[in-house]
Amino acid sequence: MFNDIAQYFRTETLPHIWCPGCGIGTITAAIIRAIKTLQLDQNKVIFVSGIGCSSRMPGYLDFNTIHTTHGRALPFATGIKAARPELDVFVVMGDGDSTAIGGNHLIHAARRNIDLTAIVINNSIYGMTGGQTSPLTPHEKRGTTSPFGNLERPFQVLEVAKAAGATYGARATAYHNQLLTKLVMDAYNNSGFSIVEAISQCPVSYGRRNKFKTPADMLLWQKEHAFKAGQQPGGEEDFQIGEIFKRQAPEYTHEYERLRQRLREGR
Amino acid sequence: MNKARLMQGNEAVAEGALAAGVLFYAGYPITPSTEIAEKMAERLPLIGGTFIQMEDEIGSMAAIIGASLTGVKSLTATSGPGFSLKQENLGYAIATEVPCVVVNVQRGGPSTGLPTSPAQADVMQARWGTHGDHPIIALTPSSVQECYELTVKAFNMAEEFRIPVILLMDEVIGHLREKVVLPEELTIVDRKRSTLPPGDYIPYENNESMIPAMANFGEGYRYHVTGLTHNEKGLPTGNPEVTKKFMQRLTQKLNPYLDRIQLVEELYLDDAELIVIAYGCTARSAMEGVHMARNLGIKVGLFRPITIWPFPQEQLEKHADRKYLVVEMNNGQLVGEIERIFGYKAVERLNRIDGELITPKEVLDRIREVL
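As they're listed, the protein sequences go chains A and B.
Residue numbering for the first sequence is -1 to 265, as defined by the numbering used here.
Residue numbering for the second sequence is 41 to 411, as defined by the numbering used here.
Because the hints were derived from the structure by calculation, they are not lab data.
Among the clues, some could well be false.
[To be verified] Listed next, the in silico BS3-like pairs over lysine-lysine satisfying Cα-Cα at most 30 Å (straight line):
no.	chain 1	residue 1	chain 2	residue 2
1	B	Lys232	A	Lys42
2	A	Lys221	A	Lys211
3	A	Lys34	B	Lys273
4	B	Lys363	A	Lys42
5	A	Lys226	A	Lys211
6	A	Lys244	A	Lys226
[Unchecked claim] Covered stretches of chain B (chain A as the covering partner; in silico rule of three or more C-beta atoms under 8 Å from a C-beta of chain A):
no.	stretch
7	62 to 73
8	91 to 100
9	279 to 285
10	288 to 295
11	378 to 388
[Stated by the list, open to error] Not close to chain A: a few residues of chain B, all C-beta gaps over 10 Å, as computed:
no.	residue
12	Gln48
13	Ile104
14	Ser151
15	Glu245
16	Glu272
17	Glu354
18	Asn391
19	Arg408
As the structure is a computational prediction, the values presented were derived from the model and not from experiment.
The beta-carbon is built from N, C-alpha and C at its ideal position, and this holds for glycine as well.
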């Protein structure tokens, strides 16, 4: 299973730090299969991440990789892409990373419609610090900082990104990892700010506090609660997978290059 | 022919940055530094560069680090409150050794403070604002001419030593308009780039120079950058031995180059019984005050640290066994360095923290008081 994508890994850095049953490894493989299928030049691919479990991914990958500060992956990526638009910039973030401390950066990267492929790995919890409530922890679910159940309601990260100006949004899960590969490819092919929400499982910090006995139970939950366009949600926990929105809008680095050309021509 | 021009301090910073080869600016509007951003917004797209107004100061600092990793000289500018926000990623640039220049046009503080008044209250923030043990370089211009020249030097030092360099200005110098003579020839330094094949490249090599060669993102050298303590390959580690080596190199890497980093100006020091120490806008009043005192026959001199961090201790120690008067627009910040060197009994202070400049007359009066 691994040999087909081993060339994209710094194999000397393995094994990874993720817990048994964690979904981030599955999601990493799905993303790498997208890059392999797209036949991207490893030298031109940049992986940017913030801080948290999922943000450790770039360290294992054989690209130009940068593990930044908590919540700041998108502005680092913005600097890279704006300075060198020819580079293929992927940004991996966790749910707390991208929607709490990095929420403002997410809104503005989407507003600029800068050509980044952002992947939010949503495991509903702060995993690395041991299971604190995140902005995407469902209402009434338990974390170490919501020991009596989460009083706050989560938001939908794709709806926020869409409202802010992103031009591509999609959702898959660790269970639906082949779909995830396809969606990451579509996100890459969109010229503009693209966001893919990858729902993951954290059995250690989330599952065991929320009545999931095994990691497999969490994967089955993903399977049972996902529905596709055209289908009806069965209950409150259900969520749509696949492409959620796609539209056309001017992309930031194209617009900036047009400005440079206009100025060169004295217009 | 030397080109003399009337220029504002902030404008001279922008011109100096362009002369140094800056091609990327990310910033957020804040008084009294905004003219730098405005100038860069106008000029950078004309020369193939990029200006981007970010959503906040944190993002601005992040963006210039990202751009610099692709091989582009990068700049941001701010003032006190924004400088506080930049500290997080300033520390990241220090730990990952990414060259960049950060301008702080100081205003009164703490908090929102006095947005349109000068101060020199970020001296310690420039040194220790970000968490953890770390090296830093901070330069303090006293004239518009120096805004231009020190911006070029700031880029040169950032590139040569792989470190963020802080240009610590103040509202008076930023908004002052005076004559600038653009130098006919400038020394421009670019970062040392690896000439090794990518497979042999060690991004954080503990080499003799203590400054590893860099490689641009996207050019075949696929390496890892992290703010976690890392080994020579750039990969995270918690190993105490590797951590010790990394921290030793990081915190000592400027030491072999101090003679080139620590810039000072000295005036009438040979026979001076009292040495006035001042920097930035305050050095202008201090110099005038020293001239006035000399005219009265008082044996007083001026020591102006142009580089305040790392503090030019050895240069000052050459003038031991005198009295010292440290003049600064804060409640006493750089004075701690001088007290550390000579003991607090040898050191007097003149401070002002009301947003008003210290006048030459005040300096003269204080000189007479302490001598």
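Here's how the hints hold up against the structure:
A threshold of 30 Å between alpha carbons decides the hint, and for B:Lys232 with A:Lys42 the separation of about 21 Å falls inside it, so the pair holds. For a cut-off of 30 Å, the pair hint linking A:Lys221 to A:Lys211 stands: about 16 Å separates their Cα positions. As the CA atoms of A:Lys34 and B:Lys273 are separated by approximately 25 Å, the hinted pair is consistent with the 30 Å bound. Of the supplied pair hints, the one linking B:Lys363 and A:Lys42 is violated, its CA atoms being roughly 60 Å apart against a limit of 30 Å.
For the proposed pair A:Lys226 and A:Lys211, the alpha carbon gap of about 27 Å is at most 30 Å, so the pair holds. For the suggested pair A:Lys244 and A:Lys226, the alpha carbons sit about 16 Å apart, so the restraint of at most 30 Å is met. For the stretch 62 to 73 of chain B, the stated coverage by chain A holds: 3 residues have a C-beta nearer than 8 Å to a C-beta of that chain, and at least 3 were required. Here's how the stretch 91 to 100 of chain B fares: 7 of its residues keep a CB closer than 8 Å to some CB of chain A, so the rule of at least three is met and the hint holds.
Here's how the stretch 279 to 285 of chain B fares: 0 of its residues keep a CB closer than 8 Å to some CB of chain A, so the rule of at least three is not met and the hint is violated. With 0 residues having a beta carbon nearer than 8 Å to a beta carbon of chain A, the stretch 288 to 295 of chain B misses the requirement of three or more and the stated coverage is violated. Note: the stretch 378 to 388 of chain B has 0 residues with beta-carbon separation from chain A under 8 Å; the three-residue rule is not met and the coverage is violated. At the 10 Å boundary, the C-beta of B:Gln48 stays outside the reach of chain A, the nearest C-beta of that chain being 24 Å off.
The beta carbon of B:Ile104 sits about 6 Å from the closest Cβ of chain A, which is not more than 10 Å, so the claim that it is off the interface is violated. Residue-level check passed: B:Ser151 sits 21 Å from the nearest beta carbon of chain A, beyond 10 Å. The Cβ of B:Glu245 lies farther than 10 Å from every Cβ of chain A, with a closest approach of about 17 Å, so its non-interface assignment holds. Consistency note on B:Glu272: stated as away from chain A, and its beta-carbon is indeed over 10 Å from all of that chain's, at 13 Å minimum.
Distance check for B:Glu354 against chain A: the nearest CB is about 35 Å away, which clears 10 Å, and the non-interface claim stands. No beta-carbon of chain A comes within 10 Å of the beta-carbon of B:Asn391; the shortest separation is about 35 Å. At roughly 51 Å, the least C-beta separation between B:Arg408 and chain A is larger than 10 Å, which holds for a residue marked as non-interface.
Consistency with the previously given hints fails for numbers 4, 9, 10, 11 and 13, ordered from lowest to highest.
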